[in-house]
Amino acid sequence: DAGVIQSPRHEVTEMGQEVTLRCKPISGHDYLFWYRQTMMRGLELLIYFNNNVPIDDSGMPEDRFSAKMPNASFSTLKIQPSEPRDSAVYFCASSLTSPNTEAFFGQGTRLTVV
Amino acid sequence: DQQVKQNSPSLSVQEGRISILNCDYTNSMFDYFLWYKKYPAEGPTFLISISSIKDKNEDGRFTVFLNKSAKHLSLHIVPSQPGDSAVYFCAASDGNDMRFGAGTRLTVKP
Chain A
64 DAGVIQSPRH
74 EVTEMGQEVT
84 LRCKPISGHD
94 YLFWYRQTMM
104 RGLELLIYFN
114 NNVPIDDSGM
124 PEDRFSAKMP
134 NASFSTLKIQ
144 PSEPRDSAVY
154 FCASSLTSPN
164 TEAFFGQGTR
174 LTVV
Chain B
435 DQQVKQNSPS
445 LSVQEGRISI
455 LNCDYTNSMF
465 DYFLWYKKYP
475 AEGPTFLISI
485 SSIKDKNEDG
495 RFTVFLNKSA
505 KHLSLHIVPS
515 QPGDSAVYFC
525 AASDGNDMRF
535 GAGTRLTVKP
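Protein chains in written order, with this note's numbering: chain A, 64 to 177; chain B, 435 to 544.
It should be emphasised that the hints constitute simulated quantities derived from the structure, not laboratory data.
Please note that a few of the clues may not be correct.
To be verified - Think about it this way: if two alpha-carbon atoms lie no more than 35 Å apart in a straight line, the pair counts; the simulated DSBU-like pairs of lysine-lysine are:
1. A:87 x A:131
2. A:141 x B:471
3. B:543 x B:505
4. B:471 x A:131
5. B:502 x B:488
6. B:439 x B:490
7. B:471 x B:488
8. B:439 x B:502
9. B:439 x A:131
10. B:439 x B:471
11. B:502 x B:543
12. B:543 x B:488
13. B:505 x B:471
14. B:439 x A:141
15. B:502 x B:471
16. B:543 x A:141
17. B:490 x A:131
As the list claims (entries may be wrong) - Simulated restraints, written as ranges between beta carbons of each label pair:
18. A:101 x B:446: 30 to 38 Å
19. B:441 x A:175: 24 to 32 Å
20. A:68 x B:510: 48 to 56 Å
21. B:544 x A:72: 42 to 50 Å
22. B:452 x A:133: 43 to 51 Å
23. A:148 x B:443: 42 to 50 Å
24. A:137 x B:446: 37 to 45 Å
25. B:530 x A:135: 18 to 26 Å
26. A:120 x B:465: 19 to 27 Å
27. B:449 x A:135: 14 to 22 Å
28. A:104 x B:445: 37 to 45 Å
29. B:451 x A:135: 21 to 29 Å
30. B:479 x A:120: 23 to 31 Å
31. B:544 x A:121: 22 to 30 Å
Cβ atoms here follow ideal geometry from the backbone N, Cα and C, with glycine treated the same way.
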């Protein structure tokens with residue numbers, strides 16, 4: 064397996080534009096997580112899915128953020144409209160069973176909103 | 435709120451010496467703890483974990499200690515090597531989700 068695959072690796076967009084980040088988890092993994100990494104707060108959990116169902120989205124900062132998982136092999140994180148303070152590295156991770164197991168991370172998407 | 439805290443943003447040690455990275459948590463429901471290592475431009479990778487029923491877990495040069503009464507865990511690396519230079523994240527889970535600390539940047543000097 065190629066691991067967790069995220070695209071794009073880098074995204075630069077103008078304030079107010081819509082941004083969509085994509086993630087392909089490891090096949091067979093039941094859990095998928097979206098994290099945001101910033102200098103001040105480290106890795107923040109935004110939302111996670113279990114068997115494609117969103118379980119906890121309390122970490123999603125605002126209504127401008129939304130996430131979907133239409134099937135077991137694909138998830139998106141959308142920001143609309145984007146703002147400069149959304150600039151960060153966004154990671155997707157998946158794990159085989161419960162969150163009490165090792166999570167495998169993608170390489171991240173570095174988002175810059177200017 | 436930060437349920438998992440790593441109060442030292444950086445640590446520098448000499449090659450061959452011990453590196454000790456610390457982590458504190460506030461949620462008593464956490465029962466599984468992990469350490470991840472992250473190199474620049476890469477995602478975090480799993481390093482070592484410990485269940486709350488244990489107070490120590492060892493894997494080669496890496497040992498994690500858990501003090502449940504103090505809600506504190508630490509990662510010991512002995513001996514430290516230059517290739518260990520990275521950002522280390524502490525993580526904790528209550529079986530529902532996983533929370534991370536802000537990370538500690540370890541630099542091992544040759």
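Going down the list of hints, with the structure as the test:
Of the supplied pair hints, the one linking residue 87 of chain A and residue 131 of chain A holds, its CA atoms being roughly 12 Å apart against a limit of 35 Å. Of the pairs offered as hints, the one joining residue 141 of chain A and residue 471 of chain B holds, with about 27 Å between alpha carbons and a cut-off of 35 Å not exceeded. Annotation: proposed proximity of residue 543 of chain B to residue 505 of chain B holds, straight-line Cα distance about 31 Å (limit 35 Å). Between residue 471 of chain B and residue 131 of chain A the alpha-carbon distance is near 28 Å, which keeps this suggested pair within the 35 Å criterion.
Only pairs whose Cα atoms come within 35 Å are accepted, and residue 502 of chain B paired with residue 488 of chain B is accepted, the gap being roughly 9 Å. A hinted pair counts as satisfied when its Cα atoms are at most 35 Å apart, and residue 439 of chain B with residue 490 of chain B qualifies at roughly 20 Å. Our distance criterion of 35 Å between C-alpha atoms is met by residue 471 of chain B and residue 488 of chain B, whose separation comes to about 22 Å. A hinted pair counts as satisfied when its Cα atoms are at most 35 Å apart, and residue 439 of chain B with residue 502 of chain B qualifies at roughly 15 Å.
The hinted pair formed by residue 439 of chain B and residue 131 of chain A meets the criterion: a straight-line CA distance of about 29 Å does not exceed 35 Å. Distance check on the hinted pair: residue 439 of chain B and residue 471 of chain B sit about 16 Å apart at the alpha-carbon level, within 35 Å; holds. Proximity of residue 502 of chain B to residue 543 of chain B is assessed by CA-CA distance (about 32 Å); at most 35 Å being required, the pair is judged to hold. Our distance criterion of 35 Å between C-alpha atoms is met by residue 543 of chain B and residue 488 of chain B, whose separation comes to about 32 Å.
Between residue 505 of chain B and residue 471 of chain B the alpha-carbon distance is near 21 Å, which keeps this suggested pair within the 35 Å criterion. Note on residue 439 of chain B and residue 141 of chain A: the hinted pairing holds, with a Cα-Cα distance of about 28 Å set against a maximum of 35 Å. Restraint check: the Cα-Cα separation between residue 502 of chain B and residue 471 of chain B comes to about 23 Å, which is no more than 35 Å; the hinted pair holds. Note on residue 543 of chain B and residue 141 of chain A: the hinted pairing is violated, with a Cα-Cα distance of about 41 Å set against a maximum of 35 Å.
Simply put, residue 490 of chain B and residue 131 of chain A have alpha-carbon atoms about 39 Å apart, too far for the 35 Å limit, and the pair is violated. For residue 101 of chain A and residue 446 of chain B, the Cβ-Cβ distance of about 23 Å falls outside the hinted range of 30 to 38 Å, so the restraint is violated. At about 29 Å, the CB distance of residue 441 of chain B to residue 175 of chain A agrees with the hint of 24 to 32 Å. Taken as a hint, the range 48 to 56 Å is violated for the pair residue 68 of chain A and residue 510 of chain B, whose Cβ atoms sit roughly 34 Å apart.
Look at residue 544 of chain B against residue 72 of chain A: about 31 Å separates their beta carbons, and that is not inside 42 to 50 Å. As the Cβ distance of residue 452 of chain B to residue 133 of chain A is approximately 48 Å, the hint placing it in 43 to 51 Å holds. Separation of residue 148 of chain A from residue 443 of chain B is about 21 Å and departs from the stated range, judged on CB atoms against 42 to 50 Å. Range check, residue 137 of chain A to residue 446 of chain B: Cβ separation about 42 Å, and the 37 to 45 Å hint holds.
In this structure the supplied range 18 to 26 Å holds for residue 530 of chain B paired with residue 135 of chain A, their Cβ-Cβ distance being about 20 Å. The given range of 19 to 27 Å is respected by residue 120 of chain A and residue 465 of chain B, whose C-beta atoms sit roughly 23 Å from each other. Checked against the given bound of 14 to 22 Å, the beta carbons of residue 449 of chain B and residue 135 of chain A, roughly 45 Å apart, lie outside it. Distance hint check for residue 104 of chain A and residue 445 of chain B: the Cβ-Cβ separation is about 19 Å, which falls outside the suggested range of 37 to 45 Å.
Taken as a hint, the range 21 to 29 Å is violated for the pair residue 451 of chain B and residue 135 of chain A, whose Cβ atoms sit roughly 46 Å apart. In this structure the hint that residue 479 of chain B and residue 120 of chain A lie 23 to 31 Å apart at CB holds, the actual value being about 26 Å. Between residue 544 of chain B and residue 121 of chain A the beta carbons are some 44 Å apart, a value that contradicts the proposed interval 22 to 30 Å.
When the structure is compared with the earlier hints, violations turn up for hints 16, 17, 18, 20, 21, 23, 27, 28, 29, 31 and for no others.
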